[in-house]
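J.: Model the placement of chain A on the given structure of chain R, informed by the hints.
2 protein chains.
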Amino acid sequence: MGLNVLVVGAVALGPKVACRVKRLLPSAQITMIEKDCRFSYGGCGIPYFVSGDVQNIEGLCSTSAHTLRDELFFETAKGVAIRPRTEAVAINRKAKTVTVRDLRNGSDTTELPYDKLVLATGAEPMVPPIPGADLPGVSVVSNLEHAAYIKEKIARGDVNRAVVIGAGAIGLEMAEALADMWEVETTLVEMADQLLPQAIGPDMSLIVQHHMTAKGIAVRLSDVVTRIIGDPETGVTAVETRTTRIPCDMVILAVGVRPNGRLAAEAGLAVGRHGGVIVDQRLRTSDPDIYAGGDCIEMPHLVSGERVPMPLGSLANRQGRVIGTNIAGGQARFDGTVGSFCIKVFDMGIAKAGLTARQAAEAGFDPVYSVVAQADRAHFYPSHAIMYVKLIADRATRRVLGIEALGPNGDAVKARVDAVAALLPYRADVAAVCNLEVAYAPPFASAMDIVNNAANVLDNILMGYNDPIDVTEFVERFKEGQTKVVDVRGAPESKKFREKYGEDRWINIPQNELAGRIAEVPKDQPVCLICDTGPRSYEAQRILQANGIATTKNIQGGYGMLSRTNPDF
Amino acid sequence: MGLNVLVVGAVALGPKVACRVKRLLPSAQITMIEKDCRFSYGGCGIPYFVSGDVQNIEGLCSTSAHTLRDELFFETAKGVAIRPRTEAVAINRKAKTVTVRDLRNGSDTTELPYDKLVLATGAEPMVPPIPGADLPGVSVVSNLEHAAYIKEKIARGDVNRAVVIGAGAIGLEMAEALADMWEVETTLVEMADQLLPQAIGPDMSLIVQHHMTAKGIAVRLSDVVTRIIGDPETGVTAVETRTTRIPCDMVILAVGVRPNGRLAAEAGLAVGRHGGVIVDQRLRTSDPDIYAGGDCIEMPHLVSGERVPMPLGSLANRQGRVIGTNIAGGQARFDGTVGSFCIKVFDMGIAKAGLTARQAAEAGFDPVYSVVAQADRAHFYPSHAIMYVKLIADRATRRVLGIEALGPNGDAVKARVDAVAALLPYRADVAAVCNLEVAYAPPFASAMDIVNNAANVLDNILMGYNDPIDVTEFVERFKEGQTKVVDVRGAPESKKFREKYGEDRWINIPQNELAGRIAEVPKDQPVCLICDTGPRSYEAQRILQANGIATTKNIQGGYGMLSRTNPDF
Chain R
1 MGLNVLVVGA VALGPKVACR VKRLLPSAQI TMIEKDCRFS YGGCGIPYFV SGDVQNIEGL
61 CSTSAHTLRD ELFFETAKGV AIRPRTEAVA INRKAKTVTV RDLRNGSDTT ELPYDKLVLA
121 TGAEPMVPPI PGADLPGVSV VSNLEHAAYI KEKIARGDVN RAVVIGAGAI GLEMAEALAD
181 MWEVETTLVE MADQLLPQAI GPDMSLIVQH HMTAKGIAVR LSDVVTRIIG DPETGVTAVE
241 TRTTRIPCDM VILAVGVRPN GRLAAEAGLA VGRHGGVIVD QRLRTSDPDI YAGGDCIEMP
301 HLVSGERVPM PLGSLANRQG RVIGTNIAGG QARFDGTVGS FCIKVFDMGI AKAGLTARQA
361 AEAGFDPVYS VVAQADRAHF YPSHAIMYVK LIADRATRRV LGIEALGPNG DAVKARVDAV
421 AALLPYRADV AAVCNLEVAY APPFASAMDI VNNAANVLDN ILMGYNDPID VTEFVERFKE
481 GQTKVVDVRG APESKKFREK YGEDRWINIP QNELAGRIAE VPKDQPVCLI CDTGPRSYEA
541 QRILQANGIA TTKNIQGGYG MLSRTNPDF
Chain A
1 MGLNVLVVGA VALGPKVACR VKRLLPSAQI TMIEKDCRFS YGGCGIPYFV SGDVQNIEGL
61 CSTSAHTLRD ELFFETAKGV AIRPRTEAVA INRKAKTVTV RDLRNGSDTT ELPYDKLVLA
121 TGAEPMVPPI PGADLPGVSV VSNLEHAAYI KEKIARGDVN RAVVIGAGAI GLEMAEALAD
181 MWEVETTLVE MADQLLPQAI GPDMSLIVQH HMTAKGIAVR LSDVVTRIIG DPETGVTAVE
241 TRTTRIPCDM VILAVGVRPN GRLAAEAGLA VGRHGGVIVD QRLRTSDPDI YAGGDCIEMP
301 HLVSGERVPM PLGSLANRQG RVIGTNIAGG QARFDGTVGS FCIKVFDMGI AKAGLTARQA
361 AEAGFDPVYS VVAQADRAHF YPSHAIMYVK LIADRATRRV LGIEALGPNG DAVKARVDAV
421 AALLPYRADV AAVCNLEVAY APPFASAMDI VNNAANVLDN ILMGYNDPID VTEFVERFKE
481 GQTKVVDVRG APESKKFREK YGEDRWINIP QNELAGRIAE VPKDQPVCLI CDTGPRSYEA
541 QRILQANGIA TTKNIQGGYG MLSRTNPDF
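Chains R and A, in that order, give the protein sequences.
Residue numbers for the first sequence, in full-length UniProt numbering: 1 to 569.
Residue numbers for the second sequence, in full-length UniProt numbering: 1 to 569.
These aren't lab readings, by the way, just hints derived from the structure by calculation.
Treat the hints with care, since some could be wrong.
Stated by the list, open to error - Not the full set, but computed from the structure, chain R residues with beta-carbon under 10 angstroms of chain A:
(1) Phe49
(2) Gly79
(3) Ala81
(4) Pro300
(5) Leu302
(6) Asn317
(7) Thr325
(8) Ala428
(9) Tyr465
(10) Glu513
(11) Arg536
Even glycine gets a Cβ: it sits at the ideal position worked out from N, Cα and C.
Excised from the complex, chain R in its bound form (with noise of 0.2 angstroms):
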């Protein structure tokens, strides 16, 4: 007999597992149990199927090579015997077995044995408390079966309105598959001020809503449910808000996911403070015949240095290599998680790594941070596009917390979010950044990239000669009557803001000619300065400061940041 080898969940996780332990442990016996009918699916996948990218449910559940990855599939290819609708209910550390319930035939409980136990028990959708969310209609997007229904649903042309609670990343992808491909009315409702949260700061999301807005949903920040109202029978007819009633025929909730350390904890595992089973460098828990990963494990944050969720299918799939590893008698580490993350949205790509400012703040550094606008490939290459890459650094330390990006090339926004996410385990300063060698070549990139100037201007800041003001912060204080403009571009550019707020506040002196006309700014009142995109106006400020000017602030992003986060400015 070989290792006995027992996984409770078959999703991501538990199968890349099992197939890795199968393949280097081949006398290993493998047994997987997963409570629903389908298993082995790429569940991120859900809002593609549902939008019609991916035509059928088995386009999510096939191997690249298009073979379906279903009980006979493990069973011949993988040599792994796989019991769906089987729900494991408690497990016996001393007796090293696991009580388990076939869901087919009610009630019976056996028990399983195993030597080394795996734990994909993955993360449960959050369901708010509120009135009416067990109504028909209203549904969590977590697995296959609501994917379906979902679905379903609006191929029958039951939904002419949908109502999308939650905008993380999940949120805005069944947004956009409502919208987009089935054109389906529909509004988006957050409790937060912004879209994205946990993964943008409210600059860059600004520009990810107007998009949204440009795209036809209604976006509700700052809102929250109060009830879902409609009739058990017939389904749900309206989202009722703290402000508004949304009239609707679906209601999708996605408003997070929380780990399923359930069954660990009953176990008497150790479990971390937002219910994620807690595990070693090696994905062992508190046992060290229990292994856990994935959706349902707490893992170190390598910048924050706090333990946290992060249910991502990538990262699930890497701790399962590694588990299969150790389990199979190897010696293979997962250390923790930047927290990469990115999202199309619309002709949006939308990318992380890191910590916000936000969160960095919350963790106890000292943030601050660079907003940069420039073309993601050379200026003179005809198909570039601008891009906006903001860049978080610690201030004491100058090391390197996160990096936001986005752009219409979602390629191109990932590249540079991903190559800043290579940095972050070592601790990496911002000269590290001014200094990251991406490859060039004019399709491709810039000679000075965008993430290259993005930690530019952030040495510039750190260094004080750059004086920053974020675009929200300008916008403020300009509808507020409390600084000027002087707009360091050419005349026409400027022409439309000068007419309409006044020559006296918005004021044109271009960067070419101001060291001649140091006179005309204003005196009076504390001066903004603004270009296309921030060199000429970081130039400018430094012309002041030469000129015992010191006082001015540079907005971050210029007009490129202005206009996109405040299109009506």
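T.: Here is chain A on its own, set in the frame of chain R:
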């Protein structure tokens, strides 16, 4: 009087230094001299100007805000003086002056004093010592004059057939520019036995070669140009190689560049074995008042440890900022290069960082590599395309030495290479790439991304689980009848090959049936295993090993790699 800074050379690094110093130290007096009449241009954009992607030469000489970077621009916007058509003849380090010659009025020389001198003398294109290299219609591609000459000649309709000598980046880009936009019948001649010999391995280069051939470029490898034939009045008519004669109206010489360290050497500054100026981490030469950077220096290669020239506009820009900071009293460093590189060749993006396997062996490592074919995003996401990644590590230390990648989406290719490039200075090992936290969402990546899988495969090879064979070596062995193939795909995919090579040489046993059909595996000859892209043949190899058959070889990158490198196989 402020600090007097003299900059010799005003293309990429020179202007960056000048402007940076002026911003940090407004009191500085900065003069750039440039022997050509054009300056501050994007030299890497020349192929795109020739092709017509960039319409006017001014496009390469303008800022992203469309301002021409002429003498007035540098004077008024940057506060920097520039003297074009002025050549530095000698450095008098004791007197701290540079003897310069005004090329507009002949031989007059004057002495320009400096407090700090910057050498940005660039590189010189190599011209092969063959008869006819000076004929009309023969041109190197190293400045805008060459670019204008080439484009004018083509635009006049004078060029029907061209020969490009040298298959490095510039050779490939120029070949594309000529053939794609102008439909010039183009032949590429290269001395080495592969395209891009400095950048990628022979297997990867075969894919590029077939792509270029399919686009109409005639590729002649392992051939040497012995003579260029033509008339001193009417110009070139043919290129003669060791093996053939190619009629043509234009010849592009793209055989490489050499650091221009003459001025430095003559002044007694330390110069390396490649002829480049030797600098320290502050980019100071052996004279602390003289800095150098860009194409004229040698810099540490952070993987090989050797001092190498790395003539790239991107490095020149980053080094320019470092020099500017240091001249202004700061403490910036440039530690070296990891040799990041990318190029677009028609509809293909190619990128690399670190060392190729050959370069690694030359540098004293014991290189082992994986080759992985995988979709560049989730395989169920509609717009996915297969890309190829080669990951190279040192056998004993498992240190990652290099990565090569190519595919139809250049941004996606670059994303993978840039992320690994970021790790190279930290001497990361293969495990770091197994767990490399590239951002994941189905539109942009796989849950187990290709870059992670490349490391997983390499780890399996290093552990002895995966016993690989290079596709090139396999083809040789198979053609010589030294190996049989067990094709572990389904019957339909293997049909063509069974018919072509015979059922006894190309045996089909689907992977999921292999465990029960071990007896059918040939024992009389070595066996190579193949599937679509590699995972199933690996799985098959493990099954065979578990059944006592330990001699099979697994074809790296599977049929994907075989079909792309050997389309007529």
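J.: Hint by hint, note whether the structure agrees.
T.: So, going through the hints one by one against the coordinates:
Here the hint on Phe49 (chain R) is kept, as its CB sits about 8 angstroms from the closest CB of chain A, short of 10 angstroms. Interface restraint check for Gly79 (chain R): the shortest CB-CB distance to chain A comes to about 7 angstroms, inside 10 angstroms, so the restraint holds. The interface hint given for Ala81 (chain R) is violated, since its Cβ lies 14 angstroms from the closest Cβ of chain A, which is over the 10 angstroms cut-off. Given hint, Pro300 (chain R) at the interface with chain A, is violated; its Cβ is 12 angstroms from that chain's nearest Cβ, farther than 10 angstroms.
Satisfaction of the interface hint for Leu302 (chain R) is found here, the shortest Cβ-Cβ separation to chain A being roughly 9 angstroms, below the 10 angstroms cut-off. At about 4 angstroms, the closest approach between the beta carbon of Asn317 (chain R) and any beta carbon in chain A falls short of 10 angstroms, and the interface hint on this residue holds. Interface restraint check: Thr325 (chain R) against chain A, minimum CB-CB distance 9 angstroms, threshold 10 angstroms, status holds. The beta carbon of Ala428 (chain R) is positioned within 10 angstroms of a beta carbon in chain A (closest approach about 8 angstroms), and the interface hint is therefore held.
Annotation: Tyr465 (chain R) was flagged as interfacial toward chain A, and the flag holds, the nearest CB pair being 7 angstroms apart, inside 10 angstroms. For the restraint placing Glu513 (chain R) at the interface with chain A, the shortest Cβ-Cβ distance is roughly 7 angstroms, inside the 10 angstroms limit, so the hint holds. The restraint placing Arg536 (chain R) at the interface with chain A holds, with a minimum CB-CB distance near 7 angstroms, inside the 10 angstroms limit.
The earlier numbered hints that this structure contradicts are 3, 4.
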